[in-house]
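For reference, the chains in residue letters:
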Amino acid sequence: MSQHFPILQVVVPLLAAPLCIFVRNGRAAWGLAVLASWVSLGIALALLGQVGTGGVISYAIGDWLPPIGIEYRVDIVNAWVLVIVAGIGALVSPYALVSVEREIEARRIPLFYSAYLLCLCGLLGIAITGDVFNVFVFLEISSLSAYALIALGKDRRALTSAFRYLVMGSVGATFIVIGIGLLYSMTGSLNMADLAQLLPGVWESRTVRVAYGFLAVGFCLKLALFPLHLWLPNAYTYAPSPVTAFMASTATKVAVYMLLRFFLTVFGWHFSFEQMELDRVLLPLALVAIVSMSLVAIFQVNVKRLLAYSSVAQIGYMVLGLSFATVTGLTATLLHLFNHALMKGALFMAMGCVMYRVGSVRIGAMAGLGRRMPVTMAAFVVGGLSLVGVPLTVGFVSKWYLILGALERGWWPVAVLILLTSLMALVYVWRVVEVAYFREYQGEGEAREAPWMLLWPTWALVALNLYFGIDAGRTAGIARQAAEVLMAGIGP
Amino acid sequence: MTTELILSLVLPVVGAALILLLRRNPNAREAASLVTAGALFAVVLRIYGAVSDGALPEVVLAEPIPGISIALEAEPLGVLFALIASFLWIVTTAYSIGYMRGHHEKNQTRFYLFFAFAISSVMGVAFAGNLFTLFVFYEVLSLTTFPLVTHAGTEKAKRAGRVYLGVLFSTSIVFQLLAIIWVYAMTGTLDFEPGGILRGVMPVPAGVVPVLLALFVFGIGKAAVMPFHRWLPAAMVAPTPVSALLHAVAVVKAGVFAVLKITVYVFGIDFLSELGASTWLMWIAAATIILGSLVAFTKDNLKARLAYSTVSQLSYVVLGAMLANSWGVIGSGMHIAMHAFGKITLFFCAGAIMVAAHRSEVSQLGGLGRKMPVTFAAFFIGTLSIVGLPPTGGSWSKWFLGLGSLEAGQVGLMAVLMVSSLLSLAYLLEIPLKGFFGKDAEIADHHGDSAGHEGHGGHEDPDGHEDHYRAPRWSLAAIVTTAAACLALFVYPEPFYRLMVMVVGQ
Numbered sequence: 011m012s013q014h015f016p017i018l019q020v021v022v023p024l025l026a027a028p029l030c031i032f033v034r035n036g037r038a039a040w041g042l043a044v045l046a047s048w049v050s051l052g053i054a055l056a057l058l059g060q061v062g063t064g065g066v067i068s069y070a071i072g073d074w075l076p077p078i079g080i081e082y083r084v085d086i087v088n089a090w091v092l093v094i095v096a097g098i099g100a101l102v103s104p105y106a107l108v109s110v111e112r113e114i115e116a117r118r119i120p121l122f123y124s125a126y127l128l129c130l131c132g133l134l135g136i137a138i139t140g141d142v143f144n145v146f147v148f149l150e151i152s153s154l155s156a157y158a159l160i161a162l163g164k165d166r167r168a169l170t171s172a173f174r175y176l177v178m179g180s181v182g183a184t185f186i187v188i189g190i191g192l193l194y195s196m197t198g199s200l201n202m203a204d205l206a207q208l209l210p211g212v213w214e215s216r217t218v219r220v221a222y223g224f225l226a227v228g229f230c231l232k233l234a235l236f237p238l239h240l241w242l243p244n245a246y247t248y249a250p251s252p253v254t255a256f257m258a259s260t261a262t263k264v265a266v267y268m269l270l271r272f273f274l275t276v277f278g279w280h281f282s283f284e285q286m287e288l289d290r291v292l293l294p295l296a297l298v299a300i301v302s303m304s305l306v307a308i309f310q311v312n313v314k315r316l317l318a319y320s321s322v323a324q325i326g327y328m329v330l331g332l333s334f335a336t337v338t339g340l341t342a343t344l345l346h347l348f349n350h351a352l353m354k355g356a357l358f359m360a361m362g363c364v365m366y367r368v369g370s371v372r373i374g375a376m377a378g379l380g381r382r383m384p385v386t387m388a389a390f391v392v393g394g395l396s397l398v399g400v401p402l403t404v405g406f407v408s409k410w411y412l413i414l415g416a417l418e419r420g421w422w423p424v425a426v427l428i429l430l431t432s433l434m435a436l437v438y439v440w441r442v443v444e445v446a447y448f449r450e451y452q453g454e455g456e457a458r459e460a461p462w463m464l465l466w467p468t469w470a471l472v473a474l475n476l477y478f479g480i481d482a483g484r485t486a487g488i489a490r491q492a493a494e495v496l497m498a499g500i501g502p
Numbered sequence: 004m005t006t007e008l009i010l011s012l013v014l015p016v017v018g019a020a021l022i023l024l025l026r027r028n029p030n031a032r033e034a035a036s037l038v039t040a041g042a043l044f045a046v047v048l049r050i051y052g053a054v055s056d057g058a059l060p061e062v063v064l065a066e067p068i069p070g071i072s073i074a075l076e077a078e079p080l081g082v083l084f085a086l087i088a089s090f091l092w093i094v095t096t097a098y099s100i101g102y103m104r105g106h107h108e109k110n111q112t113r114f115y116l117f118f119a120f121a122i123s124s125v126m127g128v129a130f131a132g133n134l135f136t137l138f139v140f141y142e143v144l145s146l147t148t149f150p151l152v153t154h155a156g157t158e159k160a161k162r163a164g165r166v167y168l169g170v171l172f173s174t175s176i177v178f179q180l181l182a183i184i185w186v187y188a189m190t191g192t193l194d195f196e197p198g199g200i201l202r203g204v205m206p207v208p209a210g211v212v213p214v215l216l217a218l219f220v221f222g223i224g225k226a227a228v229m230p231f232h233r234w235l236p237a238a239m240v241a242p243t244p245v246s247a248l249l250h251a252v253a254v255v256k257a258g259v260f261a262v263l264k265i266t267v268y269v270f271g272i273d274f275l276s277e278l279g280a281s282t283w284l285m286w287i288a289a290a291t292i293i294l295g296s297l298v299a300f301t302k303d304n305l306k307a308r309l310a311y312s313t314v315s316q317l318s319y320v321v322l323g324a325m326l327a328n329s330w331g332v333i334g335s336g337m338h339i340a341m342h343a344f345g346k347i348t349l350f351f352c353a354g355a356i357m358v359a360a361h362r363s364e365v366s367q368l369g370g371l372g373r374k375m376p377v378t379f380a381a382f383f384i385g386t387l388s389i390v391g392l393p394p395t396g397g398s399w400s401k402w403f404l405g406l407g408s409l410e411a412g413q414v415g416l417m418a419v420l421m422v423s424s425l426l427s428l429a430y431l432l433e434i435p436l437k438g439f440f441g442k443d444a445e446i447a448d449h450h451g452d453s454a455g456h457e458g459h460g461g462h463e464d465p466d467g468h469e470d471h472y473r474a475p476r477w478s479l480a481a482i483v484t485t486a487a488a489c490l491a492l493f494v495y496p497e498p499f500y501r502l503m504v505m506v507v508g509q
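Sequences listed follow chains A and B, in order.
One gets our numbering by counting positions in the first sequence from 1 and adding 10 to each.
One gets our numbering by counting positions in the second sequence from 1 and adding 3 to each.
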């Protein structure tokens with residue numbers, strides 16, 4: 011059984027998805043989705059346990075041996091990403107029940123869970139596969155279902171934002187498949203490990219470099235690196251609350267993982283940083299993303315949009331860590347993948363609670379909620395502090411490694427910039443907090459505390475924010491180990 | 004001893020829980036505050052006993068990032084700070100009971116609650132075993148005092164709260180945190196060690212040490228070194244007991260204490276004086292001393308005047324640390340103690356005047372001393388201690404700071420100390436002089452007067468004039484205690500002096 015975990019990781023949500031349509035009942039579909047999500051999490055944790063000691067699991071699908079057949083290859087890097095995706099899925103799926111009943115028409119609810127499971131399957135698939143074309147396939151599965159999920163939003167603007175995401179996302183996916191095709195034309199292989207062996211022989215060819223360029227643009231579109239982030243704010247703002255919480259914590263993280271996997275494992279550190287000088291492109295873009303998007307976030311009046319812009323800035327931090335091209339920097343990136351999923355998940359879930367009771371997430375609508383919905387707003391405060399990077403929250407741990415990485419390279423202006431943008435985060439979080447706690451409630455809605463079915467997943471994430479902030483030994487250890495694996499590569 | 008260390012953090016939190024439980028019964032609630040304060044002082048006394056016998060108890064609470072722990076350690080300097088803060092908490096609690104009731108403040112439970120939290124974080128600052136722990140409790144202290152600053156809930160209080168958190172957070176995050184991570188990147192440790200931890204990294208890149216030191220001095224915004232002092236006058240909108248304990252003692256002293264501790268245990272005074280890395284910061288501190296005094300002159304509002312006086316006096320401590328020699332450090336530590344007792348007396352008096360006579364401006368104090376003799380006499384004693392005149396404790400810290408500047412060969416700084424003493428004498432002595440010998444500035448209507456000041460909606464005393472000029476009994480007791488302590492410390496500065504000798508002797 012346990013030797014089939016790699017394929018089960020993908021198959022469980024994949025099979026549960028059509029079942030959701032057959033059962034035609036919202037609650038039953040929800041039950042299936044929760045079950046599949048928790049089974050996925052169990053499998054992901056088991057895989058992490060298996061590779062945690064430094065091993066690699068290679069799983070040949072249908073016993074077709076790699077490099078001919080499709081290989082699922084799990085090392086500590088994928089296992090880590092799998093745990094992030096499955097973990098968020100396991101908390102978002104129970105959260106969805108109440109939230110979705112309020113935000114989506116009843117007859118579409120089974121379809122929602124079906125799309126959610128497909129998206130989960132796609133994201134897990136991208137993370138687990140060791141085959142570059144398979145990456146593209148799963149990327150399309152996750153993207154198409156994501157477009158559908160976003161379009162389910164109650165606000166009609168959800169449709170235009172989903173369409174925009176569709177256009178931009180398809181451009182990105184096309185670039186990626188072009189890149190993969192070019193690599194195949196040069197090497198005749200689609201297996202990552204195999205490519206890593208073959209590519210050094212053709213490094214000098216222009217085709218490989220063009221492929222590299224296509225891939226870089228494609229990935230940056232998917233992970234919403236400034237200035238290719240334009241699809242993200244609207245998509246996150248108008249999507250149903252659980253979708254936002256899920257996508258914000260997983261989709262861009264998996265895109266970052268793709269980038270790391272291709273550029274560090276397939277092409278190798280040496281090619282990426284010494285020949286292509288990837289850092290020269292990524293560093294300025296990351297810095298601009300961090301500063302400009304934090305600034306834009308300060309002036310938003312819709313809290314979900316505010317958090318969306320903050321996400322673009324936070325993605326900047328992840329890319330920044332990569333651009334240091336050191337183990338510490340990469341540790342910061344991998345750690346922030348996890349930590350940012352925790353904090354943004356908690357924040358978007360808290361906003362989902364507000365949406366549920368108040369029906370709006372504009373800053374003005376938050377007035378007085380500090381007293382009306384104390385548990386929800388307390389979750390928002392803790393999540394916000396984590397976003398700012400206050401000590402004893404996970405945000406601080408990420409910032410710590412990031413700044414340490416910058417100082418190691420001697421780039422102290424970058425360190426100062428990171429700290430300054432933390433202050434900007436403080437400003438935009440504080441704006442919400444001040445309205446919530448210092449203004450009187452004005453709406454006429456019910457505005458009681460959110461139901462506990464929404465609160466417990468939210469607080470579970472908040473608690474993880476604190477737990478891994480107070481004891482980051484394990485997460486930092488895994489991130490460092492994963493960073494070392496990525497830096498070492500598997501090429502010759 | 005480690006139990007006592009943990010207890011010093013936990014006790015105030017337990018007190019806070021009691022306060023919350025007893026919120027329906029104000030007498031029991033205040034009793035809980037007093038008992039907790041007393042118990043905390045007893046615990047700190049036990050730690051003092053152990054440390055003065057040469058022990059250095061320490062305990063690790065958690066390890067958030069591998070190699071970076073939250074650890075408590077009692078060393079002489081921290082014990083000195085903890086002693087002062089925990090003792091003055093008792094006195095301030097007594098004072099608050101009189102003040103908060105006399106002033107009919109709202110939300111008193113919240114007030115006592117966050118006061119207790121603030122004290123807990125002060126203990127964390129005092130006993131921080133490494134830079135990271137210090138930073139954590141420093142930030143917690145900013146957060147827990149925020150509700151106290153905005154207590155009145157008025158627009159003005161909110162604005163002040165924004166300045167307060169804005170300055171304290173931005174300096175600490177941008178400068179202090181950067182410096183901390185930088186130290187870690189260079190040395191691989193954040194522990195406080197006698198002689199400093201930077202000496203180990205040789206060769207230190209040229210010019211790094213002065214920059215690093217400046218990042219710490221300015222990054223610790225609570226030390227209120229200009230130009231990052233604006234938060235302190237802003238924080239004066241808080242109720243007077245807060246201004247007294249937190250913004251004359253606990254919070255600001257946490258700032259200068261941190262500067263001193265980092266100078267001694269991270270840089271090491273020998274290391275600093277060899278490099279001469281702190282010279283220019285001495286002059287920044289000196290400038291703050293003089294400018295703070297000059298601004299104090301222009302303030303008619305009593306609390307604002309005291310606030311700028313605090314800005315000026317805090318830089319004495321910073322100056323002592325930057326002198327980077329034994330006398331300077333001893334003077335610095337002594338000044339933390341002496342200024343605490345002096346300034347808290349002054350604030351207590353200001354609060355008593357506000358409660359009893361509804362006056363907050365210096366120009367309104369004429370003749371008031373004849374009606375409130377005890378309060379004004381205490382103010383006079385406090386003034387002497389701040390200026391540094393015998394027979395008060397303040398004379399000792401000035402003495403050692405003077406010695407320190409001479410040893411450092413900085414005669415100019417000696418002159419600065421003299422001038423500033425004269426300045427503070429002038430702007431503080433005006434108050435008791437006016438009170439005792441000034442013409443009666445009987446203000447016919449308090450209505451217009453008392454209403455606006457400092458956001459305290461002045462409550463007309465319905466009892467008429469009989470009760471009018473009497474400070475609440477509890478408050479008066481507190482005032483007499485701290486004033487007496489100022490005098491006693493002249494005769495018996497021994498405990499503080501011994502602790503400081505231990506600090507430099509190591």
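Accuracy of the hints is not assured; some may be wrong.
Said to hold, decoys possible - With beta-carbon atoms standing in for the labels, derived distance ranges:
hint	chain 1	residue 1	chain 2	residue 2	range
1	B	HIS107	A	ASP165	47 to 55 Å
2	A	ALA388	B	VAL17	41 to 49 Å
3	A	ARG372	B	ALA20	56 to 64 Å
4	A	ILE71	B	VAL214	56 to 64 Å
5	A	MET497	B	ASN110	50 to 58 Å
6	B	VAL214	A	ALA388	36 to 44 Å
7	B	ASN110	A	GLU459	19 to 27 Å
8	A	PHE309	B	ASN110	43 to 51 Å
9	A	PHE309	B	ALA487	40 to 48 Å
What the hints assert, rightly or not - Here chain A is said to cover these stretches of chain B; the calculated rule only asks that three of the stretch's residues, wherever they fall, bring their Cβ under 8 Å from a Cβ of chain A:
hint	segment
10	56-67
11	82-96
12	411-424
Since the hints were made in silico from the structure, they are not lab data.
What you are looking at is a predicted structure, and each value in this text was computed from that prediction instead of being measured.
Think of the CB as a built atom: it goes at the ideal place given N, C-alpha and C, for glycine as much as any other residue.
- prompt: At the C-beta level, are MET497 of chain A and ASN110 of chain B separated by a distance inside 50 to 58 Å?
  reply: holds, 55 Å
query: Could one say that the CB atoms of PHE309 of chain A and ASN110 of chain B fall in the range 43 to 51 Å?
result: Given about 33 Å between the Cβ atoms, the range is violated.
- request: Verify the coverage statement for the segment 411-424 of chain B against chain A, using a C-beta to C-beta distance below 8 Å and requiring 3 or more qualifying residues.
  value: violated (count 0)
- request: May I ask you to test the hint 47 to 55 Å on the CB atoms belonging to HIS107 of chain B and ASP165 of chain A?
  value: About 49 Å separates the Cβ atoms of HIS107 of chain B and ASP165 of chain A, which means 47 to 55 Å holds.
- prompt: Within 56 to 64 Å or not, the Cβ separation of ARG372 of chain A and ALA20 of chain B?
  reply: With a Cβ separation near 37 Å, ARG372 of chain A and ALA20 of chain B fall outside 56 to 64 Å, so the hint is violated.
field: Cβ separation of ALA388 of chain A and VAL17 of chain B, checked against the hinted range 41 to 49 Å
entry: This hint is violated: roughly 22 Å between Cβ atoms.
Outcome for the supplied range 56 to 64 Å, where the beta carbon pair is ILE71 of chain A and VAL214 of chain B: holds, 57 Å
message: Against the range 40 to 48 Å, how does the distance between the Cβ atoms of PHE309 of chain A and ALA487 of chain B compare: consistent or not?
response: Taking Cβ atoms as reference, PHE309 of chain A and ALA487 of chain B lie about 56 Å apart, which means the hint is violated.
message: Using a Cβ cutoff of 8 Å, are there at least 3 residues of the segment 82-96 of chain B near chain A, or does the coverage claim fail?
response: violated (count 0)
- prompt: Are three or more residues of the segment 56-67 of chain B within 8 Å, CB to CB, of chain A?
  reply: Since three or more residues must qualify, the claim that chain A covers the segment 56-67 of chain B holds, with 3 doing so at under 8 Å.
task: Just tell me: holds or violated, for the beta carbon distance of VAL214 of chain B and ALA388 of chain A against 36 to 44 Å?
output: The hinted range 36 to 44 Å holds for VAL214 of chain B and ALA388 of chain A, with Cβ atoms some 39 Å apart.
- request: Could you tell me whether the CB distance from ASN110 of chain B to GLU459 of chain A stays inside 19 to 27 Å?
  value: holds, 22 Å
In summary, the structure is inconsistent with hints 2, 3, 8, 9, 11, 12 from the numbered list given earlier, while agreeing with the others.
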